[in-house]
Amino acid sequence: MGATGQVLRATGVNYDIRKAEPYAAYDKIEFDVPTREDGDAYSRIWVIRDEMIQSVHIIMQCFEKMPEGEVYNKIPNPFKWKIPEGKTYVRVESSRGELGLYLVSNGEDKPYRVHFRTPSYPHGLTILEKLLKNASIADVGNIMISLYVTAPEIDR
Amino acid sequence: MKDKSQVKKGSFLKPFKAIKYLFEKPGTLRYPFEQKEPSLRYRGFHLNDWDKCTGCGNCADICPNKAITMVEVPEIKPKPGEKNERPKIDYGRCCFCGLCVDICPPGSLKLSRDYLHIHFDKNTFSLLAKDEKTDKEHFLPAEEYSVLKASLAHRRKDNEGFVSDLNYSLFEPKRVPMPQVPPEERKLSFIEQVIGYSREEAKREASRCLECKLCEDACPAHLKISDYIKAIYEDKPDESLRKIFEDNPIPAICGRICMKHCEKVCSLGLRGEPVAIRWLKRYASDMIKDYKEALELAPAKTTGKKVAVIGAGPGGLSVAYFLRLKGHEVTVFDSLPGGGGMMRIGPPPYRLPVESIDKDVNYIASLGVKFKFNTTVGKDVSFEDIYKNYDAIYLGIGTTVSRSTRVKNSDKAYPALLFLRENKIGKGVKVGKEVIVIGGGNVAMDVARESLRLQHIQYPGEKVITKTVSLEDWDIMPATEEEIEEAKEEGIEFNPGWGPKEIKVENGKVKGLLCVKVKSVFDEQGRFNPTFYEDKQMFLEGDMVIEAIGQALDFSFIPQDMFKKLEFTPRRKVKVDDNGKTSLPKVFAGGDIVNLNLDAVTAIADAKRAAEGIDSYLKGKSKEPS
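Top to bottom, those sequences are chains A and B.
Read in the working numbering, the first sequence has 11 at position 17, and its numbers run on one by one without any break.
Read in the working numbering, the second sequence has 571 at position 570, and its numbers run on one by one without any break.
If we strip away everything but chain A, and leave its shape as in the complex, we get:
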């Protein structure tokens, strides 16, 4: 159903892109991936709460391990940039789940097509539809909030 991030981890699946495909400096940093078993709004909130603690740990480790040197690096001349021909999909773990970027280039200085895969789209449309079935009206608010859907992020 396209669930990622806390929505997936609250159902007991230990999956985090930072662990599965470490990018940036995540392979040099220790942190846990908090999970819950029940898959309901309460578990999702708890996963997020645990992740906050992990985030603080990550930041503290970053301060310790940050190498010394120039903060600002000169970038090459922007008028000479060329995007190599081909297509690529890269993804990172965002605060709401998998944030992916699909990019098609035909070798010019600007990409031919760019698409962002945002977590709010599957969470807000497909999953919400399933979860709301047979739920009481009073729960609708909690379910929606705990999915962390952001309207502008749904279609980009």
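Source of the hints: derived by calculation from the structure; they are not laboratory data.
Incorrect hints may appear among the rest.
Said to hold, decoys possible - In silico SDA-like pairs for lysine to any residue, Cα to Cα no more than 20 Å straight-line:
1. A:Lys74 x B:Asp103
2. A:Lys76 x B:Lys265
3. A:Lys76 x B:Lys231
4. A:Lys74 x B:Asn66
5. A:Lys74 x B:Glu202
6. B:Lys582 x B:Lys620
7. A:Lys76 x B:Asn66
8. B:Lys204 x A:Asp103
9. A:Lys74 x B:Leu585
10. B:Lys231 x A:Asp103
11. A:Lys68 x B:Arg272
12. B:Lys307 x B:Glu83
13. B:Lys502 x B:Val519
14. B:Lys84 x B:Lys265
15. A:Lys104 x B:Glu235
16. A:Lys74 x B:Val519
17. A:Lys104 x B:Ile63
Said to hold, decoys possible - Pair ranges (Cβ atoms, derived):
18. A:Asn67 x B:Asn66: 18 to 28 Å
19. B:Arg205 x A:His109: 28 to 38 Å
20. A:Pro78 x B:Ile466: 58 to 68 Å
21. A:Asp103 x B:Asn375: 46 to 56 Å
22. B:Ile192 x A:Asn67: 33 to 43 Å
The model shown is predicted, which means the values in this text are computed figures rather than measured ones.
By construction, the Cβ of each residue, glycine as well, lies at the ideal position given by its N, Cα and C atoms.
Add chain B to chain A, keeping to what the hints say.
Coordinates of chain B only, in the frame set by chain A:
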């Protein structure tokens, strides 16, 4: 339900207590009468210093929202290397990212700390940072500035927020250093001083170019500079060479000795070092071993017209090349044993080796241009014969006669051109141990540096010295700074501000040069007219004097009756029309005899113009019934 008695009734005076807030400092800003003080590097509306702005258009190119367009401002009279265009900013699109400031090479574009911009005229939101309608009225001094005025689209002068910083700029202000032979080593032999860029270095240097094309306007021959630099960056030297050959058929020569008018106007040179355009051209020509394979140029269908070119210098070679590509039969006459003209004898081998000249000349010869070397027009072949036998004639002659100082005993001095010529293609010159060179131009620098090398070769291990004497002081010395700097590094002694008075001769041998102090070089009208302090004298010892004070034209090969018909401009240059045609029928001219700029690239520009002129002249002629 709450008990009614629990609700305490307030005093009827309570509403009047609010009056005290009238005298208190309000918690909110009384906008628009009060404004928030923005942070120091706030990115508000644009400021543009029109005097500094060169109109290069880099800001318009980098803008991610295409908010900036360049508009022509007719009031601005552009200086060489500038355009009369200025950026116009559409604030409906601007996202205030500041990329335009980071890319601005002169640093004229800034973001101000103004964020208030209200006006009844919607155009003020999309006009230039400096309004061309009301000129400076938009900008008020800090003391006159008020929020009320700001709300009428006035901005505060010198209210800079986000300004360009070279450490964070999007271009690289530093040039890739050109590897050179150190002065101690190079003064001992005629080894080529500049080693040339490697592939990596050339690519790195080419990547600095911002493609603003100011250089192309400044180049007399209008080479497609940014295109060939881009090709070098993309690692395609053959493509680069093709671009160069569209306008300039002698890249190996020009890549070494060009006067680089382009680099003087390079926008990167305003705050940093200009792109090494000349060295990149040299790189392109050095990388290609065989021009023929890379260029795939072939002359057009032969037209049967014959053109004579007198002089195989840069102009003569270029006109021969352009006309040959158009299908005409071209014959080049030159008195020297090889092509290149003044390039062959003038620049010393450490600047321009003969092999590089031959590379260009051989390619032009391979296209089918006939060269007649060792043929002096007027001696070996008469000008009348050429005039009779050819359909058009191009005069591409240079300044072949050295001027003399005409001081006492100046006949004992060596003329510079003879010295250079004998040295490069003749038998060589025996130099003295103490050489005095008179002159402060580039030729004098060449002569002095060449003489120093000869001294080191002819008297190894002995104490030798070369001195220069020039009328001009340091600040007005006509030689380029680069040349003077390199000459100093090699140990040449300079005596600027002294004029020659007399060459002292004893027993037929040169003893030295008597100099007088110069009072002024130019008169009030800016003409060359030196005056001296007769009482301040100096004696320079030396056993050889070389005069390098300039060259003159020699028209002796043209017969008198024709020469009388040839018209001249007031500054003693041959008068030509827009097609390069002189007042003599079917005679065209270009280069040193036409231009005041005595350099190779101007000669090429003239040649290009004359080649078009000759071509249309010949085609027009062929249409007439014969």
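Q) Tell me, which hint numbers fail for this structure? A) The structure breaks hints 2, 9, 12 and 16; every other hint is satisfied.
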